[in-house]
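> Sequence:
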Amino acid sequence: MTELLSLPKVLGKVGYLASLDLYKAEKPFFSNIPFFNIPGAKQQNLSVTDHEKTPIYDVRGREHLVSLDTCGFEIRRHPTVPSEAKFHDEEWIRREYWPEIQRFVKKELGASEVKIFDHTVRRANPTSPIYVRGGMGRREPSAMAHVDQTSQAAEQRVWYHMKDEAEKLLKGRYQIINVWHPLFGPIRHRPLGLCDYNSVNQAKDLEASDLIFPHYVGEQWYSYHSPNHRWYYISDQMPDECWLFKCHDSLTDGTAKYAMHTAIVLPKEDEERPRESIEFRCLVFYE
Numbered sequence: 001m002t003e004l005l006s007l008p009k010v011l012g013k014v015g016y017l018a019s020l021d022l023y024k025a026e027k028p029f030f031s032n033i034p035f036f037n038i039p040g041a042k043q044q045n046l047s048v049t050d051h052e053k054t055p056i057y058d059v060r061g062r063e064h065l066v067s068l069d070t071c072g073f074e075i076r077r078h079p080t081v082p083s084e085a086k087f088h089d090e091e092w093i094r095r096e097y098w099p100e101i102q103r104f105v106k107k108e109l110g111a112s113e114v115k116i117f118d119h120t121v122r123r124a125n126p127t128s129p130i131y132v133r134g135g136m137g138r139r140e141p142s143a144m145a146h147v148d149q150t151s152q153a154a155e156q157r158v159w160y161h162m163k164d165e166a167e168k169l170l171k172g173r174y175q176i177i178n179v180w181h182p183l184f185g186p187i188r189h190r191p192l193g194l195c196d197y198n199s200v201n202q203a204k205d206l207e208a209s210d211l212i213f214p215h216y217v218g219e220q221w222y223s224y225h226s227p228n229h230r231w232y233y234i235s236d237q238m239p240d241e242c243w244l245f246k247c248h249d250s251l252t253d254g255t256a257k258y259a260m261h262t263a264i265v266l267p268k269e270d271e272e273r274p275r276e277s278i279e280f281r282c283l284v285f286y287e
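Residues 1 to 287 in my numbering are what the sequence shown lists, from first letter to last.
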């Protein structure tokens, strides 16, 4: 850890779940089902609080100091990233790029099987129409520290997506790994920040939250602020530099199980081109 804390750092802004009495009586939730015509219906009950001047350590040039099993995240290079324009074509992403990313993850991690179950393209470009839940438009970078899956939700994902194979696959090691990279580079606006698993107190820091879809109800963790959290990013990230980070790992031997993450706000970022990125969510299995 001494080496990690000696890395260059910036003071940035990180968003957290606000510590409200509301959450003692009501579970946090976010609905992807639009409630436009239902009087009094709430889309969500999440409240964010921003923490300015948070130390965020830069792993550029020292990428070897972080890894999936120690911190919950690492950088891997994927040199065959397509042109930026391709990422406006959702059909192409699913047809061509999903298989490419699945092969990449399988090879890099030595997995026996990899299955992407979702992806998200995020654009902070203010000229694009904003995304409305249940509709179309740009997806903004995440504004609050979170983990995509709780442990229970991760197992539920395996049952939902792998169906008849699930029982067998759950007997071995399985993970949910996200792959994240920018669509252009270098990015200096809202880069991805990742929090060292070892600096998170799950019982005190994390709050389970329902994530509601028309076909599925998932569960994720949002985080309250803690001064113990250790945040990292990589400066001037390029499209061929992929963050791989855990949302779940079934191992219980002290291996990092997840990496809390969010977009971070850097000093003077308003002068930079708005971020555009893609993120894949992968079920990863080992024999």
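The set of hints was computed from the structure by calculation and includes no laboratory data.
Here the structure is a predicted model, which means the values were calculated and not measured.
Where a beta carbon is used, it is the ideal one built from N, C-alpha and C, also for glycine.
Mixed in with the good hints, there may be bad ones.
Pair by pair, the computed Cβ-Cβ distance ranges are [to be verified]:
| id | residue 1 | residue 2 | range |
| --- | --- | --- | --- |
| 1 | Ser199 | Ser83 | 21 to 27 Å |
| 2 | Arg139 | His161 | 17 to 23 Å |
| 3 | Ser199 | Lys268 | 46 to 52 Å |
Each computed DMTMM-like pair below joins lysine to aspartate or glutamate, with the alpha-carbon atoms no more than 20 Å apart [unchecked claim]:
| id | residue 1 | residue 2 |
| --- | --- | --- |
| 4 | Lys107 | Glu287 |
| 5 | Lys204 | Glu3 |
| 6 | Lys115 | Glu90 |
| 7 | Lys13 | Glu287 |
| 8 | Lys9 | Glu272 |
> Decide, hint by hint, whether the structure agrees.
The hints, checked one at a time:
1. Hint check: Ser199 to Ser83, Cβ distance near 38 Å, so the stated range 21 to 27 Å is violated.
2. Under the hint 17 to 23 Å, the C-beta atoms of Arg139 and His161, about 22 Å apart, fit the expected range.
3. Here the CB-CB span from Ser199 to Lys268 is close to 27 Å, at odds with the stated 46 to 52 Å.
4. As the CA atoms of Lys107 and Glu287 are separated by approximately 14 Å, the hinted pair is consistent with the 20 Å bound.
5. In summary, the hint linking Lys204 to Glu3 is not supported, as the alpha carbons are separated by about 27 Å, beyond the 20 Å threshold.
6. Taken as a hint, the Lys115 and Glu90 pair is honoured in the structure, with Cα atoms around 18 Å apart against an allowance of 20 Å.
7. Of the pairs offered as hints, the one joining Lys13 and Glu287 is violated, with about 41 Å between alpha carbons and a cut-off of 20 Å exceeded.
8. Restraint check for Lys9 and Glu272: the C-alpha separation of about 19 Å stays at or below 20 Å, so the hint holds.
In this structure, the earlier hints numbered 1, 3, 5, 7 are contradicted, and the remaining ones agree with it.
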